[in-house]
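> Could you put together the complete structure from these sequences and hints?
In order, the protein sequence lines correspond to chains A and B.
Going by our numbering, 3 is the number at position 3 of the first sequence; the sequence numbering is gapless.
Going by our numbering, 1109 is the number at position 109 of the second sequence; the sequence numbering is gapless.
A few chain A positions that, by computed beta-carbon distances, are all more than 10 angstroms from chain B:
#, residue
1, Pro25
2, Thr26
3, Ala36
4, Gln90
5, Ile95
The list that follows gives simulated cross-link-like pairs (lysine-lysine, DSSO-like), each with its CA atoms no further than 27 angstroms apart:
#, chain 1, residue 1, chain 2, residue 2
6, B, Lys1077, B, Lys1025
7, B, Lys1003, B, Lys1077
8, A, Lys18, B, Lys1052
9, B, Lys1117, B, Lys1019
10, B, Lys1003, A, Lys18
11, B, Lys1077, B, Lys1207
12, B, Lys1022, B, Lys1077
13, B, Lys1019, B, Lys1003
14, A, Lys18, B, Lys1077
Please keep in mind that the hints were generated in silico from the structure rather than gathered at the bench.
Predicted, not measured: the structure shown is a model, and the values here were computed from it.
Note that the Cβ used here is the ideal one computed from N, Cα and C, for glycine as well.
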Amino acid sequence: MTEAPEQTAARALCEEMKRIMARTPTSRWYLFGSIATTKRPIGDIDLLVVSETAADCATIRAELDAICSQFPIHLLLMTTVEEAEVDFIQGESAIEISRAPLSRLIR
Amino acid sequence: MAKYTAAETTEWVADNLRKAGKVSKVEVISDQVLRVARSNYDPFVAGIVSLKCVGEDDVRPLVTPQLGIEIIANVPKESYWTGGAIRLAQDNNIATGSYGDLLRVIDVEDVRTFQPKETEFVERGLRQHDRILSFDRVHDRLYRVSRKGLPDLTVAMLNEYELTADHLRTARDRYGQFSVAVITDPNGRATSSAEEVAETLGVEILKWAPFFGRLNKK
Chain A
1 MTEAPEQTAA RALCEEMKRI MARTPTSRWY LFGSIATTKR PIGDIDLLVV SETAADCATI
61 RAELDAICSQ FPIHLLLMTT VEEAEVDFIQ GESAIEISRA PLSRLIR
Chain B
1001 MAKYTAAETT EWVADNLRKA GKVSKVEVIS DQVLRVARSN YDPFVAGIVS LKCVGEDDVR
1061 PLVTPQLGIE IIANVPKESY WTGGAIRLAQ DNNIATGSYG DLLRVIDVED VRTFQPKETE
1121 FVERGLRQHD RILSFDRVHD RLYRVSRKGL PDLTVAMLNE YELTADHLRT ARDRYGQFSV
1181 AVITDPNGRA TSSAEEVAET LGVEILKWAP FFGRLNKK
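Here is the structure:
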């Protein structure tokens, strides 16, 4: 059986995440919205990356450019200060993916 | 990472659409064209592009009447359409939108008339404001607004729930100069860092209602 479209996107995203985290090891990556639920087909892939500094945000956006040019990824980049201000992770029940195996990401 | 071809992207979109309710069949007609049969309405034909910036040259091959395309969808969310590309599609009675909009038009009888809700909301608001003489859609989210007795305003309409510093910097990279950033999400707000970045960029961040008041001031 061929891979489902959301799995293709998630697999590519995880590969990119691992590569980019080598450059920004303190960044934390989360999925939220439809891909983090059982709703199918997926709409956008909502991705939150929280990093220490604005410079890290800029690096991550640049490094994600290739995958964001191929899949409908809605990229939300926040510094830790911004995330703490709006409490986005808790409010959106975002699921951390930087420490989870791929099989847990896509249900 | 490996770059998908146009055909692979179109196949990816087709696979997703096949999972959608009310879709009975999805045919890949060519590398950039899909035909979607629906249980509730007549089939529609979609053109698929996958670009960071959709310009007129990208749209031109898809507006050929023989293809019968009713909507052109750009897959990447982190992207934008130039005003010229949108006008070229409109002039050919073709709707434009995102991958997510393709899922939305399954429930739209006349796909050619589809407009994203946010665009409808913004443009209806601008049309109804007494101070506005006319407006020009420079790019998808960038409007130049001509006002009675007041200088033009260049406005970025940002539909973000949480407007971050990165959103503002990205908007400036994409669209160039603008003096006002409007948060069009009714529940949206800007982070303190976004406000700080706005100050350095010389941009005012306003929610929708305050923006309407701002239109009456120099």
